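Participant: Listed below are the residues making up each chain.
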Amino acid sequence: MALLQISEPGMSTAPHQHRLAIGIDLGTTNSLVATVRSGLAVVLDDMAGHSLLPSVVRYHADGRVEVGYPAQAAQNADPRNTIVSAKRFMGRGLSDIDDASALPYRFVDAPGMVQLSTAAGVKSPVEVSAAILKTLRDRAEVALGGELVGVVITVPAYFDDAQRQATKDAAQLAGLNVLRLLNEPTAAAIAYGLDNASEGIYAVYDLGGGTFDISILKLSKGVFEVLATNGDSALGGDDFDQRIFCWMVEQGRFQPLSPGDMRLLLTKARDAKEALTDHTEARVTVMLSTGEMLDATLTQADFNAMTAGLVSKTLAPTRKALRDAGLAVEDVKGVVMVGGSTRMPCVRQAVADYFHQTPLTNLDPDKVVALGAAMQADILAGNRAGDDWLLLDVIPLSLGLETMGGLTEKVIPRNTTIPTARAQDFTTFKDGQTAMSVHVLQGERELAVDCRSLARFELRGIPPMVAGAARIRVTFQVDADGLLSVSAREQSTGVEASVQVKPSYGLGDEEITRMLKDAFTHAKDDMRARALNEQVVDAQGLIAATRAALAEDGELLSADEAAAVEAGIAALEALLAGSDHLAIKRGIEALNAATTEFAQRRMDRNVRRAMAGQKLETFG
Amino acid sequence: MAVTLSERAAQHVSGFLARRGKGIGIRLGVRTTGCSGMAYKLEFADETPEGDEVYESHGVKIFVDPKSLPYIDGTELDYAREGLNEGFKFNNPNVKNECGCGESFNV
Numbered sequence: 000m001a002l003l004q005i006s007e008p009g010m011s012t013a014p015h016q017h018r019l020a021i022g023i024d025l026g027t028t029n030s031l032v033a034t035v036r037s038g039l040a041v042v043l044d045d046m047a048g049h050s051l052l053p054s055v056v057r058y059h060a061d062g063r064v065e066v067g068y069p070a071q072a073a074q075n076a077d078p079r080n081t082i083v084s085a086k087r088f089m090g091r092g093l094s095d096i097d098d099a100s101a102l103p104y105r106f107v108d109a110p111g112m113v114q115l116s117t118a119a120g121v122k123s124p125v126e127v128s129a130a131i132l133k134t135l136r137d138r139a140e141v142a143l144g145g146e147l148v149g150v151v152i153t154v155p156a157y158f159d160d161a162q163r164q165a166t167k168d169a170a171q172l173a174g175l176n177v178l179r180l181l182n183e184p185t186a187a188a189i190a191y192g193l194d195n196a197s198e199g200i201y202a203v204y205d206l207g208g209g210t211f212d213i214s215i216l217k218l219s220k221g222v223f224e225v226l227a228t229n230g231d232s233a234l235g236g237d238d239f240d241q242r243i244f245c246w247m248v249e250q251g252r253f254q255p256l257s258p259g260d261m262r263l264l265l266t267k268a269r270d271a272k273e274a275l276t277d278h279t280e281a282r283v284t285v286m287l288s289t290g291e292m293l294d295a296t297l298t299q300a301d302f303n304a305m306t307a308g309l310v311s312k313t314l315a316p317t318r319k320a321l322r323d324a325g326l327a328v329e330d331v332k333g334v335v336m337v338g339g340s341t342r343m344p345c346v347r348q349a350v351a352d353y354f355h356q357t358p359l360t361n362l363d364p365d366k367v368v369a370l371g372a373a374m375q376a377d378i379l380a381g382n383r384a385g386d387d388w389l390l391l392d393v394i395p396l397s398l399g400l401e402t403m404g405g406l407t408e409k410v411i412p413r414n415t416t417i418p419t420a421r422a423q424d425f426t427t428f429k430d431g432q433t434a435m436s437v438h439v440l441q442g443e444r445e446l447a448v449d450c451r452s453l454a455r456f457e458l459r460g461i462p463p464m465v466a467g468a469a470r471i472r473v474t475f476q477v478d479a480d481g482l483l484s485v486s487a488r489e490q491s492t493g494v495e496a497s498v499q500v501k502p503s504y505g506l507g508d509e510e511i512t513r514m515l516k517d518a519f520t521h522a523k524d525d526m527r528a529r530a531l532n533e534q535v536v537d538a539q540g541l542i543a544a545t546r547a548a549l550a551e552d553g554e555l556l557s558a559d560e561a562a563a564v565e566a567g568i569a570a571l572e573a574l575l576a577g578s579d580h581l582a583i584k585r586g587i588e589a590l591n592a593a594t595t596e597f598a599q600r601r602m603d604r605n606v607r608r609a610m611a612g613q614k615l616e617t618f619g
Numbered sequence: 000m001a002v003t004l005s006e007r008a009a010q011h012v013s014g015f016l017a018r019r020g021k022g023i024g025i026r027l028g029v030r031t032t033g034c035s036g037m038a039y040k041l042e043f044a045d046e047t048p049e050g051d052e053v054y055e056s057h058g059v060k061i062f063v064d065p066k067s068l069p070y071i072d073g074t075e076l077d078y079a080r081e082g083l084n085e086g087f088k089f090n091n092p093n094v095k096n097e098c099g100c101g102e103s104f105n106v
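Residue numbers (numbering that gives the first Met the number 0), protein chains in the order written: chain D, 0 to 619; chain P, 0 to 106.
In isolation and in its complexed conformation, chain P is listed as follows:
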């Protein structure tokens, strides 16, 4: 299993990194908060976080902290447009249910 990016998501991440002018990839994780138990973290990574699992997808480095991995292993990060809004979407096979808005979830 691994954590991957869709091609579209990878293009956007590369674009954001290039425009930001620094950073070596992105870091995914979860934390226990929110109305449905867990919430995703999605951040730029400026240096290799110690102990992180590293994946590479379409040329983009993805860091995942080992504690979060069981909750998001197998996730594909996609980039989607919904009306005027656009952003990243976690397609996470581990999710059993999520809150109405999808910002937090349960495994």
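Next comes chain D alone, as it looks inside the complex:
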């Protein structure tokens, strides 16, 4: 017997047509999935009762992929193949990642987006994110008992087109239908029902495990507009743990720590921090593997004192964001707290003091973004009655036309709420002109070439008239799904032409289809490219090893034999210039074959060397 949920009045679904929709908070550190059940947004737990899924993916050489806690547990043991924080690499090139050299990954610089070389081959951040999304999708399908109609995924407000598109691609790869990408601060505001609140300015203060974001939102007519964002990508709850860790080392006068003890102390530090959320003091007892002991009490006052610097570090970006938005603290109507670290009383107090008001904290700050996304997904899937419809989307970039001289004429300015329709009249440029080309553009730039081209179509059959006499009305219409249709109509004769485009983050329908197709065709290309890469790496390794062997033990070979090996190396090097991975593979095999005898002799000599001077019984 199927389990039913209560629907809104008049919104019961036909059997087998449940509109199951979910919201996903695809986080840097942790990800969550939520849905709306009987009108109530809830986060879906996994079988073990965990709501958070660590955003960690581990690739095994045999192709197995682990996601979440098991992957996280292997983070220290297998850092190169365990990808943490892939979100930071989404839509980024290698040059965009400042600290690439400090990270344990083998980055592969690829056009567009950096790739990661793992035991299971080269993976793009999109694939890593897709693995996380797929895990959450499976969790949701089991929990909801059916197929999902769609998903709303949250992204940071500062994500650009490339990062947003990468997120969408990841969702498509995970088999999810993206109803919409939603800005994280907007999702948090929705979870608190601020979209139903009165118009005004809201601040969203998001202090996570390792990042801090502040967003200033403006709500007008049910639409959130992001006015400004700021933050610190290297500041979060982990820094607070670190301060307690230092305090413990000081208190215990510990000697330099082993990695295991360090992890133990960091875990204890986190426990103490969490205990201080509800208590005025926390007792810390630790015994290290060296036998050293610590039994001390950390008071909230001490903790606040040692972390005051961290808290005030969040206020500098906050001030800056407000300044960028041209606003004062008094203009802010409400403050939403997001991220587990905002549970700390010292953080709440500092935010309250700064904004002169109590921040909103009654929802779980770890879940608030996912809950908001789920609520938005529920609406977009059509599970709410018409009067509950929220207008949440604005056009991110202006829509317009190319006019004579390659200039852009904006028809719908950016931040216009959708659905919307605007019309503008144009005329002919030459006497007797019977056709007009309409070039639809998106962007803020003045020159058409600098804007993104969305579509082109022609209006034919204009009656011959003197230049400037024809009246051609071009109408831009964007429906609630973000679908843009453009039509042109000659007013006197009624001849008409139109085109439909989908300006989702500036991508046309064809482009989206192409990208989708690319995902499939690229699968082959990627495989070929990967195979080539692998063979090239193998070949280079073999050449280097052979050269080293020649330098070391070259005298084991006769002149002819040495020449044969050299010839094998030269042949393989020649193949490396090409891109035929099979040929390279054959070259590797050939060189391997040519050096087998050489390797054998080297082995014999090494064994003899190792055994020289040893008594026989040593080996007995």
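Be a bit skeptical, because a hint or two may be false.
Said to hold, decoys possible - Footprint (simulated), chain D over chain P, 3 or more residues, beta carbon under 8 Å: (1) 18–27; (2) 75–89.
Claimed, not checked - Below, a list of computed lysine-lysine pairs in the BS3-like style, where the Cα atoms sit at most 30 Å apart: (3) D/Lys-217 <-> P/Lys-60; (4) D/Lys-217 <-> D/Lys-319; (5) P/Lys-21 <-> D/Lys-332; (6) D/Lys-312 <-> D/Lys-332; (7) P/Lys-21 <-> P/Lys-60; (8) D/Lys-267 <-> D/Lys-312.
Just so you know, these hints were derived from the structure itself, not from any lab.
Quick caveat, the model's predicted, so the values are computed rather than measured.
Even glycine gets a Cβ: it sits at the ideal position worked out from N, Cα and C.
Dock chain P against the given chain D, drawing on the hints supplied.
Facilitator: Chain P in isolation, oriented as in the chain D frame:
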């Protein structure tokens, strides 16, 4: 005969109503659709639907439209958890057979 709620179902309905912030009860009904003839309807009620039968069970008002009543009279609505999924379950004595998934049924 009547339509009732199990205690657990009533608790959940009350909870959902409270969190939703409006509504006076729930409305049960059937409609002819689905692969096995009829399907249940389960909705929030914001106002007393005209002509509906009204029952009260564990403090929750249940509205049933008179045309549906013969098909679901005697039903107890329960709240169940099956693995990760959870939701409402119709224990309907009138059902002769239902489709494999139980979303639609026959009397």
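Participant: Hint by hint, where does the structure go against what was stated? Just the numbers, ascending.
Facilitator: Result: hint 3 breaks, nothing else.
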